[in-house]
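Novice: Chains R, L and H, in that order, give the protein sequences.
Numbering-wise, this note's numbering puts 269 at position 269 of the first sequence, and it's gapless, one number per residue.
Numbering-wise, this note's numbering comes out as the position in the second sequence, counting from 1, plus 1000.
Numbering-wise, this note's numbering comes out as the position in the third sequence, counting from 1, plus 2000.
Since the hints were derived computationally from the structure, they do not count as laboratory data.
It cannot be assumed that every hint is accurate.
[Said to hold, decoys possible] Cross-link-like lysine-lysine pairs, in silico, DSS-like; alpha carbons within 27 angstroms at most:
1. LYS1145(L) to LYS1103(L)
2. LYS1145(L) to LYS16(R)
3. LYS1121(L) to LYS16(R)
4. LYS16(R) to LYS60(R)
5. LYS1121(L) to LYS1145(L)
In this text the structure is predicted, and so the values were computed from the model without any measurement.
Listed below, chain by chain, are the residues.
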Amino acid sequence: MSLAVDDLRVYYRTLKGDVKALDGVSFTVADGEIMGLAGESGCGKTTLGKSLIRLEGRMKHMGGTVSLEGESLPIGDDRAMAKYRFKRVSIVPQYAMSALSPTRRVGRLIADLLESRGAGFDEMRPELVRRLSLVGLSEEVLERYPIELSGGMKQRVVMVLSTLLDPALLIADELTSALDVSTQKAVAELLVEFRDRGFVKSTIVITHDLSILYQMADTILVMYAGKLVEKAPADAIVESPKHPYTQLLLASLPESGVRYEEERLTGIPGRPPSLLSPPTGCRFRDRCPLALERCAEEPPFVELEPGRHVACWRAA
Amino acid sequence: MLTLDTVSKTYRVGTFGGGAVEAVSRVTFDVRPGEVVSLIGESGSGKTTVGRMILRLTPVTSGTISLDGQDVSRLGGGALRGYYTHVQGVFQDPFSSYNPVFKADRVFELVRRSYLAGLSKSEWDDKRRASLEAVGLEPSDCLGKYPHQLSGGQLQRILIARALMLELRYLVADEIISMLDASTRIDVLNLLGDLKARGLGILFVTHDLSLGNYISDRTVILRRGRVVEQGPTAKVFAAPRHSYTRMLLACVSQLHRKWEELPSGSTAPRTLGELDESGLVAVDEAGDHLVAPEDAEVLA
Amino acid sequence: MTTTEHAIEALDPQRGVTTPVATPPRRRNETLYFALRNRKLLIGLGVVLAFLVLAIVGPWLTDAEPFEFGFPTGEPPSRAHWLGTTASGQDVFAQFVYGLRSSFVVGALGGCVAALIGMAVGFAAGYRGGVVDELLSMLTNVVLVIPTLAVLIIVAAYLTVRGLVAEALLIGLTSWPWAARAIRAQTFSLASRDFVSLARLSGSRGWQVIVREIAPNMSSYLFLTFILLFGGAILTAATLDFLGLGPSNTMSLGLMMNTAVISSALQLGMWWWFVPPGLGITAIVGGLYVMNVGLDEVFNPKLRRT
Chain R
1 MSLAVDDLRV YYRTLKGDVK ALDGVSFTVA DGEIMGLAGE SGCGKTTLGK
51 SLIRLEGRMK HMGGTVSLEG ESLPIGDDRA MAKYRFKRVS IVPQYAMSAL
101 SPTRRVGRLI ADLLESRGAG FDEMRPELVR RLSLVGLSEE VLERYPIELS
151 GGMKQRVVMV LSTLLDPALL IADELTSALD VSTQKAVAEL LVEFRDRGFV
201 KSTIVITHDL SILYQMADTI LVMYAGKLVE KAPADAIVES PKHPYTQLLL
251 ASLPESGVRY EEERLTGIPG RPPSLLSPPT GCRFRDRCPL ALERCAEEPP
301 FVELEPGRHV ACWRAA
Chain L
1001 MLTLDTVSKT YRVGTFGGGA VEAVSRVTFD VRPGEVVSLI GESGSGKTTV
1051 GRMILRLTPV TSGTISLDGQ DVSRLGGGAL RGYYTHVQGV FQDPFSSYNP
1101 VFKADRVFEL VRRSYLAGLS KSEWDDKRRA SLEAVGLEPS DCLGKYPHQL
1151 SGGQLQRILI ARALMLELRY LVADEIISML DASTRIDVLN LLGDLKARGL
1201 GILFVTHDLS LGNYISDRTV ILRRGRVVEQ GPTAKVFAAP RHSYTRMLLA
1251 CVSQLHRKWE ELPSGSTAPR TLGELDESGL VAVDEAGDHL VAPEDAEVLA
Chain H
2001 MTTTEHAIEA LDPQRGVTTP VATPPRRRNE TLYFALRNRK LLIGLGVVLA
2051 FLVLAIVGPW LTDAEPFEFG FPTGEPPSRA HWLGTTASGQ DVFAQFVYGL
2101 RSSFVVGALG GCVAALIGMA VGFAAGYRGG VVDELLSMLT NVVLVIPTLA
2151 VLIIVAAYLT VRGLVAEALL IGLTSWPWAA RAIRAQTFSL ASRDFVSLAR
2201 LSGSRGWQVI VREIAPNMSS YLFLTFILLF GGAILTAATL DFLGLGPSNT
2251 MSLGLMMNTA VISSALQLGM WWWFVPPGLG ITAIVGGLYV MNVGLDEVFN
2301 PKLRRT
């Protein structure tokens, strides 16, 4: 088991109280697994991604544990996490192309980053060059300034950089949202290739785009209003979703290839609940067409079949 | 019919405007009443510029835009205000479209002040209520509120309702759902379908081919400011002729079909007929599916 | 901004992700809340208001006129003359309070003129862009580069009639450039926002868009700019008056200091003559600047310490 998260709670401190962005999530990611983390805005997926590497601003670790390869991660302690960042847990940020400082050469940037983590640039250089050529970049990229590289090239440089020290966990936060389709596909395929070559052990891909997860992820974990809703292999969750939210969500996506004249898709009426004072019981209850009386009690996230978890009384 | 005829947009760059960047180049297509035309392009394709030129928010460098045969590319003043009663736009970011200092329904007031000042209060209230109901909104839910108290979907619908208060015939929808959540996107998209059924012509500007496939009747594919392919959506998506279109379709991530399973597309056809003024050639006798010839410059 | 970011900002304005130059009415209560708790604002405002009250009420507290002669010369502060008398037998307190009045008048008038010109130029350049912007920017840069004080000295030296209004106008006509530049920059960034496009699509004319859409979003910024222009005008007027180039028929704080220096008040140790006006100018202008810093913190959540 590479990553194990147990009852993790992370809240945002605000003037009006705590926003319970992540309210008790538990799951595991296996060695070599690419897990997609999907959901709409406000579901907590970005909070989860950030809390695994760095709590920012008003985020507070309120409870629960995270362990990576058997070792407990001190996510609440910013300083203690520093020795894990980049070496054991790494992140490819959104807008990766803007992540390179424009005033330094690429090679210098990488050298600085490695030195700050106690890895020597000269020892790493052969491996760095090897990986760059793997993604189709030549060694002279290291001598260039970021402004001299195209968007796609910068994207690849950042991805190589993020995985250079072979992290056990790689978090890709909304990696493909701002990209053109051709670059999206290339980036998705790169992530799979990195996993196949053993550069990373487990990958968590955070996105709202279920269709790209269907293409590249092994498993998909769907979140709603700070809680986990369903986890299953990518094919299974798209072909036969068990949770009503997943079913309705998939039924609202034009990525299924239908046309308006043939089949009218429908959305989910209503809005997600406020996370300042979330309702008791199942958080999807108000919008769920299949709600039972029992849904006033929160359904646990249980394993129905091997590899399929759902949090729903109906499905169980 | 809203027609674009070899419309181009050139920006001056460099000191004293010596250099020039051609953002849009000889784009030609039209939008008819009762249909949705998708203008599909990636970033830098010029699709937003085309939308802004139609809305007269950006001046046209050359070429003409006509509404029912009348040239509107260089309108100003009163004539421009008249144009806006028939052609309106909705933009990508719902929260940016509202002035944060005021309440959301002020967007209706702006229209009233310019166009409907003569109505009595009760007439105005009725008209506003009718517009809101036409887009599926309950007036009591959205009137008197600030933008941050409403959802993105509601805000976009209010903007459409505002446009409907005039004698709207054509709507330019620029990425209007890309910032909305998946569960509300489809409702706004279906609303465009309703408007189409009522006789509106809609230009749906987007980078998302799945959306274009769902809602549009015809598709125009834009690349670096030029049209590379256009025609009925079914034809363009089922049998794309240009290599760029094929590349786009091969990269789209769909549900239920993996990338490897997508069809690879037919081989390039022999050119039929003459190049028209915009540099496109017809693919078949029907003449509605046009493609730009592949050449070194276009692919560069 | 995504819907989540908007939702969190709505709950907690201190997490604001961009510099909010506008204060939506719903947040006015919060602005007031922070305003009443900002020390710099309260102290600065307190000082300025205190002097303002003195300027308004002061002349009623004394029977003496500022230019009235006949009192004992060179007397230190006493019951009869609260701030003593000058070397030529004038009442210093009377001079001081009338001087405060003229300082505030010049500040307000000069500041208004500069603000109006700055707004007109800044809005026009920022909204229209293109040729209009280039011409106005050239004009702004030229006036900015002109050594203001030298010009004012020359003009003042040539003008035969020197009144308070003329002085205020001169100051206003030369101190607008930096305000114009700042307003132009803000207008540029606001003019590209979608709600401005929407206003244009709704048939609003150029000036209507500026007044109704852009200016309200800059309201706090315009307010801050005016306060700085107000303070700057007072300071420039005091400098001119001190050099003897101000209005000679109106008492002003600078004129007091001018006369004091000419009459060797420093050497004679007549501190009650030159210290009050100097202190007054410093306190008012300093108070205005401190108020400005405090207001900036109130309007911009990212600068707040809490």
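Novice: So, for every hint listed, does it hold in this structure?
Specialist: Results of checking the hints against the structure:
1. LYS1145(L) to LYS1103(L): holds, 6 angstroms
2. LYS1145(L) to LYS16(R): Between LYS1145(L) and LYS16(R) the Cα gap is close to 20 angstroms, so the pair holds against 27 angstroms.
3. LYS1121(L) to LYS16(R): Answer violated: LYS1121(L) to LYS16(R) is near 39 angstroms, above 27 angstroms.
4. LYS16(R) to LYS60(R): holds, 15 angstroms
5. LYS1121(L) to LYS1145(L): holds, 20 angstroms
In terms of the numbered hints stated before, the structure departs from hint 3 and from no other.
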